[in-house]
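Asks: Using the sequences and the accompanying hints, generate a full structural model.
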Amino acid sequence: MSRRNALGLILVAAVVLVAVGASVYLGVQNDRRFGKPINLGLDLQGGINIVLEVLPPPGGEELTDEMIDDVVEAVRRRVDEFGVAEPVVQRLMGGDGRRIVIELPGITDIDAAREVMGSQGVLVFKIGDRVVMSGSDKLRTAAAGFGGDFGREPVLNLTFSAEGGRIMRDVSKNNIGQVLTAYLDEMEIFNGVIREQLGERVVVSGPNVTIEWAKNKAAILRGGTLPAPIAERESRSVSPVLGERIVRMSVLAGIVGVSLVFIFMVLVYKLPGLVADFALVIYMLIVYAAFMSIGAVLSLPSIAGFVLSVGMAVDANVIIFERIKEERKSGKRVRAAIDSGFRRAFTAILDSNVTTLIVAAILFWFGTGRVQGFALTLSIGILASMFTAITVTRILLSVLVDRDPERYARFFGGEAEQRV
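Using this note's numbering, the letters of the sequence shown correspond one by one to residues 1 to 420.
Keep in mind that the hints were calculated from the coordinates and are not lab data.
Remember, it's a predicted structure, so these values are computed and weren't measured experimentally.
Ideal Cβ positions, reconstructed from N, Cα and C, are used throughout, including at glycine.
Please note that the accuracy of each hint is not assured.
[Stated by the list, open to error] Ranges between beta-carbon positions, derived for each pair:
1) PHE146 - VAL16: 49 to 59 Å
2) ILE294 - GLY60: 42 to 52 Å
3) GLN120 - ALA162: 16 to 26 Å
4) VAL266 - VAL16: 15 to 25 Å
5) ALA143 - GLY60: 35 to 45 Å
6) ASP111 - PHE264: 42 to 52 Å
7) VAL354 - ILE10: 27 to 37 Å
8) ASP111 - VAL193: 30 to 40 Å
[As the list claims (entries may be wrong)] Distance condition first, Cα-Cα at most 25 Å in a straight line; then the derived BS3-like pairs of lysine-lysine:
9) LYS173 - LYS138
10) LYS270 - LYS332
11) LYS270 - LYS329
12) LYS126 - LYS138
13) LYS173 - LYS126
14) LYS270 - LYS325
Replies: Take a look at the structure:
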């Protein structure tokens, strides 16, 4: 075996080992964190979809793009506080650009999600009808927990900023015996008689306080007040049972499709087709490892992008093999035909893949979550397919032919070769 072929085989083996190792390691890590080896999108594992619309501020103030982007960021903070793995929070750029799409995979409590995502987040403290403190900037953080005499009572802990703590101390000191009421979006969350001077921390408790209620309110408060009003335009729940059925059908369809491709390549191209099938297996390992490493979310459009990229990978091999056959028919020996065939096919493969990557980049830039998933999967698949088709397939074919050109020449068309 030549030094060049030996180095090529080492490269292929290294790629396979890295891809398998990364897939196993990251799969175990994801399984520990999320209970599954790969993150599934809303359409595959179920969850909640909410569409919000940003409204013009009261008082006739103009709604600007900056305000809408600030609302998106505030909603994203709430989603992060809600504890969702791989959520989607994205502004729809079509129409007036005022709508926000929120996808929460794996979440089943739609009422809690609607409350957290759709809340304005305005916190106000009153004594009677008099506002004594307002604004989320007066609050440093909020957290759900347990308190009470035995530490078993659900509570909502409010910790004020330096300014908020100063105001609360002054208000409580001057209003002993008065009733202090806290409102979140005009809904009462706290009501109690001031019996002593308060400080930077207030504990909300009572018979109506549950740990779920406290977690939701804490997520709203930590996310901050929205800079503009919002209204819910759509909310729906996707059943996990439907998602599991879609996963099974998608996996079955993928297995059948890839199997048919493998069989076709072997029937039509014999040994080169078998080599291409092996390269496709490496391609799938690379794509899976890349998906795991970037924490991508697998959805139906993502699966479609993967299947499409498999087709493009096969197409690249078909172009290469047909070019090799043409070179053999022109009288070239098999080793020279392989080199020339890959060289002639490279330009066509590169041009087609680059144009597809450009389209995928446009889809990713302007599309929403699922369209972006399709574009991302397609892009990863194209890059991986170019590597496997141009590099892996060439290395494996070269190793076989250099080992015994007389034996393998017949699989590439043309006349049989005699050993010189």
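Asks: Look at each hint and say if it fits the structure.
Replies: Structure-based check of all given hints:
no.: 1; hint: PHE146 - VAL16: 49 to 59 Å; verdict: holds (51 Å)
no.: 2; hint: ILE294 - GLY60: 42 to 52 Å; verdict: holds (45 Å)
no.: 3; hint: GLN120 - ALA162: 16 to 26 Å; verdict: holds (25 Å)
no.: 4; hint: VAL266 - VAL16: 15 to 25 Å; verdict: holds (21 Å)
no.: 5; hint: ALA143 - GLY60: 35 to 45 Å; verdict: holds (38 Å)
no.: 6; hint: ASP111 - PHE264: 42 to 52 Å; verdict: holds (51 Å)
no.: 7; hint: VAL354 - ILE10: 27 to 37 Å; verdict: holds (29 Å)
no.: 8; hint: ASP111 - VAL193: 30 to 40 Å; verdict: holds (32 Å)
no.: 9; hint: LYS173 - LYS138; verdict: holds (18 Å)
no.: 10; hint: LYS270 - LYS332; verdict: holds (20 Å)
no.: 11; hint: LYS270 - LYS329; verdict: holds (18 Å)
no.: 12; hint: LYS126 - LYS138; verdict: holds (14 Å)
no.: 13; hint: LYS173 - LYS126; verdict: holds (15 Å)
no.: 14; hint: LYS270 - LYS325; verdict: holds (13 Å)
The structure fails none of the hints (numbered hints given earlier).
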